[in-house]
Amino acid sequence: MQRVLEAAARKGVTLEVIVFADSTHTATDAARALDAQLAQIVKSLVFVTAREDGELEPIVCLVSGADRVDLERLAAVIGRRDVRRATAREADELTGFSIGGIPPFGHVQRARVIMDPELGRFETVWAAAGLPTAVFPIAPGNLRMLADATVAPIAEVPVEQAS
Numbered sequence: 572m573q574r575v576l577e578a579a580a581r582k583g584v585t586l587e588v589i590v591f592a593d594s595t596h597t598a599t600d601a602a603r604a605l606d607a608q609l610a611q612i613v614k615s616l617v618f619v620t621a622r623e624d625g626e627l628e629p630i631v632c633l634v635s636g637a638d639r640v641d642l643e644r645l646a647a648v649i650g651r652r653d654v655r656r657a658t659a660r661e662a663d664e665l666t667g668f669s670i671g672g673i674p675p676f677g678h679v680q681r682a683r684v685i686m687d688p689e690l691g692r693f694e695t696v697w698a699a700a701g702l703p704t705a706v707f708p709i710a711p712g713n714l715r716m717l718a719d720a721t722v723a724p725i726a727e728v729p730v731e732q733a734s
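Residue numbering for the sequence shown follows my numbering, beginning at 572 and increasing consecutively.
If you're looking for bench data, these hints aren't it; they were derived computationally from the structure.
Fair warning: there could be bad hints in the mix.
[What the hints assert, rightly or not] Across the chosen pairs, the derived CB separations fall in these ranges:
no. : residue 1 : residue 2 : range
1   : Ser669    : Glu577    : 16 to 24 Å
2   : Thr599    : Arg656    : 17 to 25 Å
3   : Ser669    : Asn713    : 20 to 28 Å
4   : Gly583    : Asp606    : 38 to 46 Å
Using N, Cα and C, we set each Cβ at its ideal position, and we do this for glycine too.
Work out the full structure, taking the sequences as your base and the hints as a guide.
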């Protein structure tokens, strides 16, 4: 959690972290604990692609708690076809955080961050602060700035909207 607070402070932002007694490991858990809409919860999902040197490049996708990442859309945004979801171990090693508490920034390794524009429809969204029991509220614009995120549509399009 300290790395998250320090990363925000370096950019002049003070975060107000809320720590719960029970886990907010899933977006549904967090929404329930906060009495917020599921769509206001930021999911920080880690994907990987191989660099030319064979090392894994982390890509952190920020999507609404109600959405899932569309791999084809993500591949188009990053310009790589060989993208896949990181394993729990890879996510931990590449970000320094365990699944369920991965924040949008403050990772141990620099990661490319892609933020779905759907998060921008809310005045405030809630993101993990590095622990499965800790979250913080943030305006989507500040989230984009702190995560140095590229905003691009990466969420799956519901079937009824796709036709």
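Hint by hint, here is what the structure shows:
1. Ser669 with Glu577: 16 to 24 Å: holds, 19 Å
2. Thr599 with Arg656: 17 to 25 Å: holds, 19 Å
3. Ser669 with Asn713: 20 to 28 Å: holds, 24 Å
4. Gly583 with Asp606: 38 to 46 Å: This hint is violated: roughly 29 Å between Cβ atoms.
The structure shown violates just one earlier hint, number 4.
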